[in-house]
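Undergrad: Following my numbering, the numbering of the sequence shown begins with 1 at its first residue and continues without gaps.
Warning: the hint list may mix true and false statements.
[As the list claims (entries may be wrong)] List time: in silico EDC-like cross-link candidates among lysine to aspartate or glutamate, alpha-carbon distance up to 20 Å:
(1) Lys177 with Glu89
(2) Lys140 with Glu47
(3) Lys75 with Asp133
(4) Lys62 with Asp133
(5) Lys169 with Glu89
(6) Lys62 with Glu89
(7) Lys54 with Asp124
(8) Lys54 with Asp109
(9) Lys137 with Glu45
(10) Lys169 with Asp133
(11) Lys54 with Glu157
(12) Lys106 with Asp135
(13) Lys137 with Asp158
(14) Lys62 with Glu45
(15) Lys140 with Asp158
(16) Lys140 with Glu152
(17) Lys112 with Asp154
(18) Lys54 with Asp133
(19) Lys169 with Glu47
(20) Lys177 with Glu98
(21) Lys169 with Asp86
(22) Lys72 with Asp133
(23) Lys137 with Asp114
[Stated by the list, open to error] Restraint-style ranges between C-beta atoms, simulated for each label pair:
(24) Val183 with Ile7: 27 to 35 Å
(25) Gly73 with Glu43: 47 to 55 Å
(26) Lys75 with Gly40: 18 to 26 Å
(27) Trp128 with Leu172: 28 to 36 Å
(28) Glu123 with Lys62: 15 to 23 Å
(29) Tyr44 with Asp114: 42 to 50 Å
(30) Thr170 with Glu89: 28 to 36 Å
Simulated from the structure, these hints should not be mistaken for lab results. These numbers come from a predicted model, not from an experiment. Here a beta-carbon is modelled for each residue, glycine too, at the ideal position from N, C-alpha and C.
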Amino acid sequence: MKGIIAIIFGLVALSMGCQGANYQGQMDTPIEYFDFTNQGVTEYEYEQLISFLKEAEIMMRKPIHDAYVNEKGFKVFPEQFTTKNDLFEYYQTYLSNELADTLTRKITDISKSDNHSFLAVSEDDIDWYSIFDADPKTIKVVLHTTVQSVVEMDLREDVNTRLQYTIMKTRLGENPKIVQKTVLYN
């Protein structure tokens, strides 16, 4: 009899522990996290996100735009970028480490580069869609919390193609970085 009462008491305590508040207000799962966040975006926050994306896209293209043909006939990045690491660190201002690394690898050509003298631009197609190619009427913030925002838009030239940016921020909502940029072809 004591064993049955102990088991029942244990089950009740266990079920209460699973439904109770977390220690010091911490949330264990993403589902719980989103239950406690306001996913609406104010007009000011919307403008901040759009401005950040536009500024990030301009800065991502700047090294390629400023590239020139050197005396060896190679298209090279400006003198501030003589190694892949220089370019990677530059891109970390607006991009996650992974995205900065991917972009750096995609747009450089190490076989034509001279380490610490110049960094060659890849001859591969490095044109990409951006927020500047979007129809402004279709730009929508589909998720917005203190630490993450997702912005989607249709391209002006092709309404069947969507562009999505995922932006992550620190726990205080500062230092935004693009962690994912996806082109969705429908």
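Undergrad: Now tell me if each hint is right for this structure.
TA: Hint-by-hint comparison with the structure:
Restraint check for Lys177 and Glu89: satisfied, since their Cα atoms lie roughly 13 Å apart, inside the 20 Å limit. For a cut-off of 20 Å, the pair hint linking Lys140 to Glu47 stands: about 11 Å separates their Cα positions. In summary, the hint linking Lys75 to Asp133 is not supported, as the alpha carbons are separated by about 26 Å, beyond the 20 Å threshold. Using a Cα cut-off of 20 Å, the hinted pair Lys62 and Asp133 holds, with the two alpha carbons roughly 17 Å apart.
Taken as a hint, the Lys169 and Glu89 pair is honoured in the structure, with Cα atoms around 18 Å apart against an allowance of 20 Å. Proximity of Lys62 to Glu89 is assessed by CA-CA distance (about 14 Å); at most 20 Å being required, the pair is judged to hold. Using a Cα cut-off of 20 Å, the hinted pair Lys54 and Asp124 is violated, with the two alpha carbons roughly 24 Å apart. The straight-line distance between the Cα atoms of Lys54 and Asp109 is roughly 26 Å, outside the 20 Å bound, and the hint therefore fails.
At roughly 17 Å between alpha-carbon atoms, Lys137 and Glu45 fall within 20 Å of each other, so this suggested pair holds. Our distance criterion of 20 Å between C-alpha atoms is broken by Lys169 and Asp133, whose separation comes to about 25 Å. With a CA separation close to 18 Å, the supplied pair Lys54 and Glu157 stays within the 20 Å bound. About 27 Å separates the Cα atoms of Lys106 and Asp135, which puts this hinted pair outside 20 Å; it is violated.
Of the pairs offered as hints, the one joining Lys137 and Asp158 holds, with about 14 Å between alpha carbons and a cut-off of 20 Å not exceeded. A threshold of 20 Å between alpha carbons decides the hint, and for Lys62 with Glu45 the separation of about 26 Å lies outside it, so the pair is violated. Among the hinted pairs, Lys140 with Asp158 is consistent with the structure: their alpha-carbon atoms are about 17 Å apart, no more than 20 Å. In summary, the hint linking Lys140 to Glu152 is supported, as the alpha carbons are separated by about 5 Å, within the 20 Å threshold.
Distance hint between Lys112 and Asp154 is unfulfilled; the C-alpha atoms sit about 37 Å from each other, more than 20 Å. The straight-line distance between the Cα atoms of Lys54 and Asp133 is roughly 11 Å, inside the 20 Å bound, and the hint therefore holds. With a C-alpha separation of about 16 Å, the suggested pair Lys169 and Glu47 falls inside the 20 Å cut-off, and the hint holds. Simply put, Lys177 and Glu98 have alpha-carbon atoms about 11 Å apart, close enough for the 20 Å limit, and the pair holds.
Using a Cα cut-off of 20 Å, the hinted pair Lys169 and Asp86 is violated, with the two alpha carbons roughly 23 Å apart. With a C-alpha separation of about 34 Å, the suggested pairing of Lys72 with Asp133 is violated against the 20 Å cut-off. Proposed proximity of Lys137 and Asp114 is contradicted: the alpha carbons are some 45 Å apart, above 20 Å. The hint said 27 to 35 Å for the Cβ distance between Val183 and Ile7, and at roughly 56 Å that hint is violated.
Distance hint check for Gly73 and Glu43: the Cβ-Cβ separation is about 50 Å, which falls inside the suggested range of 47 to 55 Å. The hinted window of 18 to 26 Å between Lys75 and Gly40 is violated, with their beta carbons roughly 46 Å apart. In this structure the hint that Trp128 and Leu172 lie 28 to 36 Å apart at CB holds, the actual value being about 31 Å. A hinted range of 15 to 23 Å holds for the C-beta pair Glu123 and Lys62, which are about 19 Å apart.
In this structure the supplied range 42 to 50 Å holds for Tyr44 paired with Asp114, their Cβ-Cβ distance being about 47 Å. A hinted range of 28 to 36 Å is violated for the C-beta pair Thr170 and Glu89, which are about 19 Å apart.
In the structure shown, a violation is registered for the earlier hints numbered 3, 7, 8, 10, 12, 14, 17, 21, 22, 23, 24, 26 and 30, in ascending order.
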